[in-house]
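Q: Residues per chain are reported as follows:
2 protein chains.
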Amino acid sequence: MLEGLDNNHIGMDSAVIDTKIPGVKLVQTTDFFYPNVDDPYLMGKIACANVLSDLYAMGVDTCDNMLMILGVSQQLMEEDKPKVVGMMLAGFKDLATEAATFITGGQTVKNPWFILGGVATSVISFSDLIMQVPVSAQVGDVLVLTKPLGTQVAVNAHLYLLPANEEKWKKISGIVSRDQAIASMSRLNRTGAILMKKYGAHAATDVTGFGLLGHAKNLVSNQHANVDFVFHTLPVIKHMYEVDQIVSFRLSEGFSAETSGGLLVVLPKAKAMAFCEEMEAIDGWPSWIVGDVLSGTKDARLSDKPRIVECEQHSL
Amino acid sequence: MLEGLDNNHIGMDSAVIDTKIPGVKLVQTTDFFYPNVDDPYLMGKIACANVLSDLYAMGVDTCDNMLMILGVSQQLMEEDKPKVVGMMLAGFKDLATEAATFITGGQTVKNPWFILGGVATSVISFSDLIMQVPVSAQVGDVLVLTKPLGTQVAVNAHLYLLPANEEKWKKISGIVSRDQAIASMSRLNRTGAILMKKYGAHAATDVTGFGLLGHAKNLVSNQHANVDFVFHTLPVIKHMYEVDQIVSFRLSEGFSAETSGGLLVVLPKAKAMAFCEEMEAIDGWPSWIVGDVLSGTKDARLSDKPRIVECEQHSL
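Read top to bottom, the protein sequences are chains Y and S. Residue 0 is where the first sequence starts when you use numbering that gives the first Met the number 0, and the numbers rise one by one after that. Residue 0 is where the second sequence starts when you use numbering that gives the first Met the number 0, and the numbers rise one by one after that.
These aren't lab readings, by the way, just hints derived from the structure by calculation. Incorrect hints may have been included.
Repeated chains share a single entry, so a pair holds when one copy, or any two copies, can fit it.
Said to hold, decoys possible - Below are the DSS-like pairs computed for lysine-lysine, each with C-alpha atoms no more than 25 Å apart in a straight line:
(1) Lys216 / Lys109
(2) Lys92 / Lys237
(3) Lys109 / Lys80
(4) Lys19 / Lys92
(5) Lys197 / Lys19
(6) Lys92 / Lys268
(7) Lys297 / Lys270
(8) Lys237 / Lys169
(9) Lys270 / Lys167
(10) Lys237 / Lys167
Make the full structure from the sequences, and use the hints.
A: Rendered as structure tokens:
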């Protein structure tokens, strides 16, 4: 969201707009960023997952149309451009197809840096908007996270350490693998959006640039009830906690930025375990109950000694 | 439009998508570019007019929501950023208000260059889509243009000539004024969209980066009937034909790129004059009958000796 413009929908991941047609709402979002992995095809998938995530975070599990936003780097060799751009488009389109949506347009420009992203739009009946106002967290609810943390630790560690800090890099180069992060980033949050409805979620957001705690603070500040979000567990991609001790992305403080991170879902306590189990049954990735909704002052924080849970996905 | 993705809607200025709701269509477009005038407020207006123009070119005269796309140049002094960005937002918002729409979100990134643009979306009943398929040009129709040509000649002449060609610049510096071009670029194409319906247009597009003839070629290639578009008149901003003789933007060939250019509307001959008169009565700017629809092979061209008509708007 562009700060300062979102007067009516502060803190929501997508804009929700009345249309001229009674009972019909427009839900839409745009997001674009700079590539963070080397493989153009996978980068296309990650960008698509990231754009759609803001719809899914609203509990909207269908997307009527995507537009693609592309800035093609001038630094790329002329002969490589068609191939690289073609692979990015293919990745973006393939994941859009997996999400049962498609791309009908967009804009492409030349730019010093690569830019990749898009627009996701859904037109829905008001009654289909799962969380008409995602601000109903109640004391006693629990917090569920649907992807592990640590994507940017995994993909950016070398940038922060090399070439200046070869010594530090040696300590972690053996355990830094981007495969897990890429698999996580290119996974759609769609199942989370579908199950939110089924299990009666009270609020949700997706975890991206501000990190788990940054997005949690934003979400809790918009709740009706005077609640706090307190995290007792931090699920991280395997080895990333260890790596973060060296590169300091503030992962253990809850502030490490994520790309195409998971959904943070506020659920009634009695439903949370079943939500996690069904998520894993469908997607093949675990979800975690990571915190509690307590009486408070609309703030989010870690508990004194949050538990670090390492996650490794085997069936990539 | 992003080439290669627009499989179902080739040549249309906006995507038109079926939604899950019977009879309800989603019409949307995105566009962004690099600033071409120095004043951030006016630049914001121009960007907004340019984004909306692709909806208007479809005969859709209402916009339910806009998202804004912004890349803030790293070259800008840190202390100037809030002011410059604030002025851009103000210009964009003011023109959105004039267009009876608003902005609820967007994305902003840091970038080597400034980037400015957005997304325009309209949700409409199918019956409200003025030109369900804008491909009905008939032999005997005429071509109408709603803004003069020459915007990029006006705003970019100095870039092409200075500092290398001071001699050439001296010849034209006295007559190059950007005021007319800025006034034209920041003018909405909304009235054209409204009147297209009233006067039963058979096809339309807006004139931007490919120039009058480039967009005409695209539009004619998508017509059902075997027609040609032949232009006998080129309306240009005052002095720009003269300037183009020096700087060579191919204005007199019909290929000079425009920013936020006018609508090219295909109208029944009997209705064209009334369309132009009502356009001018409402907007205070002239429109012109610039060409004919002849029997042909779906190509567009200038007549042997096209007439150059200079236009100056006095009441800015």
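Q: With reference to the structure, classify each hint as holding or not holding.
A: Hints and how they fare:
Proximity of Lys216 to Lys109 under the C-alpha cut-off of 25 Å is restricted to the inter-copy arrangement: shortest distance 24 Å between copies versus 37 Å within a copy. In this homomeric assembly, Lys92 and Lys237 never come within 25 Å of each other (Cα to Cα): the closest approach is 29 Å inside a single copy and 46 Å across copies. In this assembly of identical chains, Lys109 and Lys80 lie within 25 Å of each other by CA distance both inside one copy and across copies; the values are 11 Å within and 23 Å between. In this homomeric assembly, Lys19 and Lys92 come within 25 Å of each other (Cα to Cα) only across copies, at 20 Å, whereas the closest approach inside a single copy is 31 Å.
Proximity of Lys197 and Lys19 under a CA criterion of 25 Å is satisfied inter-copy only: 20 Å between copies versus 30 Å inside one chain copy. In this assembly of identical chains, the alpha carbons of Lys92 and Lys268 never lie at most 25 Å apart, being 37 Å within a copy and 43 Å across copies at closest. In the homo-oligomer, the alpha carbons of Lys297 and Lys270 lie at most 25 Å apart inside one protomer (23 Å), although the nearest pairing across protomers, at 62 Å, exceeds that limit. Within a single copy, Lys237 and Lys169 get their C-alpha atoms as close as 18 Å, which meets the 25 Å cut-off; across copies the closest is 67 Å, which misses it.
Within a single copy, Lys270 and Lys167 get their C-alpha atoms no closer than 44 Å, and across copies no closer than 75 Å, so neither meets the 25 Å cut-off. For a Cα distance limit of 25 Å, the shortest separation of Lys237 from Lys167 inside one copy, 19 Å, qualifies, whereas the shortest one across copies, 65 Å, does not.
When held up to the earlier numbered hints, the structure conflicts with 2, 6, 9 and fits the remainder.
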